[in-house]
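**Q** The hints should help you fit chain B onto chain A, whose structure is shown.
One letter stands for each residue in the lines below.
2 protein chains.
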Amino acid sequence: MTKPRGETRARILRTAAELFQRQGYGATGLNQVLAESGAPKGSLYFHFPRGKEQLAAEAVALAGGELGERMASVVGSAAGPRDAVVGVGELLADELRESGFRDGCPLATVALEQAGGDGPISEVCQLTYDTWLLGLSDSLRGWGAADDEAAELAELVLSSLQGALLLAQVRRDTAVISTVARRVASVVVRSLGEQGSGTQDSEK
Amino acid sequence: MTKPRGETRARILRTAAELFQRQGYGATGLNQVLAESGAPKGSLYFHFPRGKEQLAAEAVALAGGELGERMASVVGSAAGPRDAVVGVGELLADELRESGFRDGCPLATVALEQAGGDGPISEVCQLTYDTWLLGLSDSLRGWGAADDEAAELAELVLSSLQGALLLAQVRRDTAVISTVARRVASVVVRSLGEQGSGTQDSEK
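Chains as they are written, first to last, in this note's numbering: chain A, 451 to 654; chain B, 451 to 654.
Calculated from the structure, these hints are not laboratory results.
Derived DEER-like restraints, expressed as beta-carbon distance ranges: (1) R520(B) <-> R500(A): 35 to 45 Å; (2) G592(A) <-> D580(B): 35 to 45 Å; (3) D588(A) <-> L577(B): 39 to 49 Å; (4) E540(B) <-> D588(A): 25 to 35 Å; (5) E573(A) <-> R520(B): 26 to 36 Å; (6) R500(A) <-> Q482(B): 21 to 31 Å; (7) D544(B) <-> E573(A): 19 to 29 Å.
We put the CB at the ideal spot given by N, CA and C, even for glycine.
Looking at chain A on its own, in the form it has when it is part of the complex (with noise of 0.2 Å):
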């Protein structure tokens, strides 16, 4: 009886990823979760007793782990800086548009609906964003970056790409991604040659 209960949970939890990320929060009832993923009634809060709150937090932390992988696959294999960049900004193009432009963060919706409070779901967002941070950061040392450096060089990559899927979200074009993606990674690459250290990637 474990593994029928596990798959129950796990189609709810992905269900309900992708509804917060494609509604929002506050848009996205638990009786449509229930009903696209085709679950039992009474499996919701048998699987998820704190209810709505709870399933967020959970396919928020989910779906953001996976985008977390994906990204730092494509860091882990990319030559240097540059393409390390440049291959993460045409990962979220991808994704976008293979969307039909409406999958772009797994965070941002719901991140923006909870902002300013500190319940459990704003509390695995920052969380997310801050592993991401460190991930990013963790390379750009690996490729020479003094602390401070890498600490704010991801934040800028990570900024710059979040606001430009926002844009070409709304504009139903990832061009945006490709040209902010290409201007960000010359930062990169400028300010790791800057501090004098060896790295693979050279100015193209």
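**A** For chain B alone, kept in the frame of chain A given last:
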């Protein structure tokens, strides 16, 4: 009778803009807009016959236009491109802080919920972002940027500040806006310098 009617309309719009920004489109009901604006029942469909969609489109246009004016005023009174970018960052950080981290971008929450759609609200969001970008790139051209360069730099500035604003809102800390604005300001100054343009603003 015309004046009170105009006042009611303006009050409904103002309340709607605030609620849509903070809660999103889906989570904001017309009854709440009516209650919080203190407008009489029936006045909503009298002033906004096409309902919630019309109200949201006009509210977003109003709030987005006003923020655009405040940004244009900062840019217009800046001594050069560095002051302009840093100044817009300060404006956004101040407004976020003063609202208890509730009021970030007046478009982003609604824009994300509408993403992938093509209704009047999406159109207004797109138009507002384009107007902001046009204002920014006009100023950058005034500081010596070539047309293409000005357009790309405007996209970089807007994207990075937009993303930093979101991150600051989630963290309840505006430091990331200052960091990102300062970094991007340097990119803009350097880029204008590389074009051999005469700018009043030098690298600090």
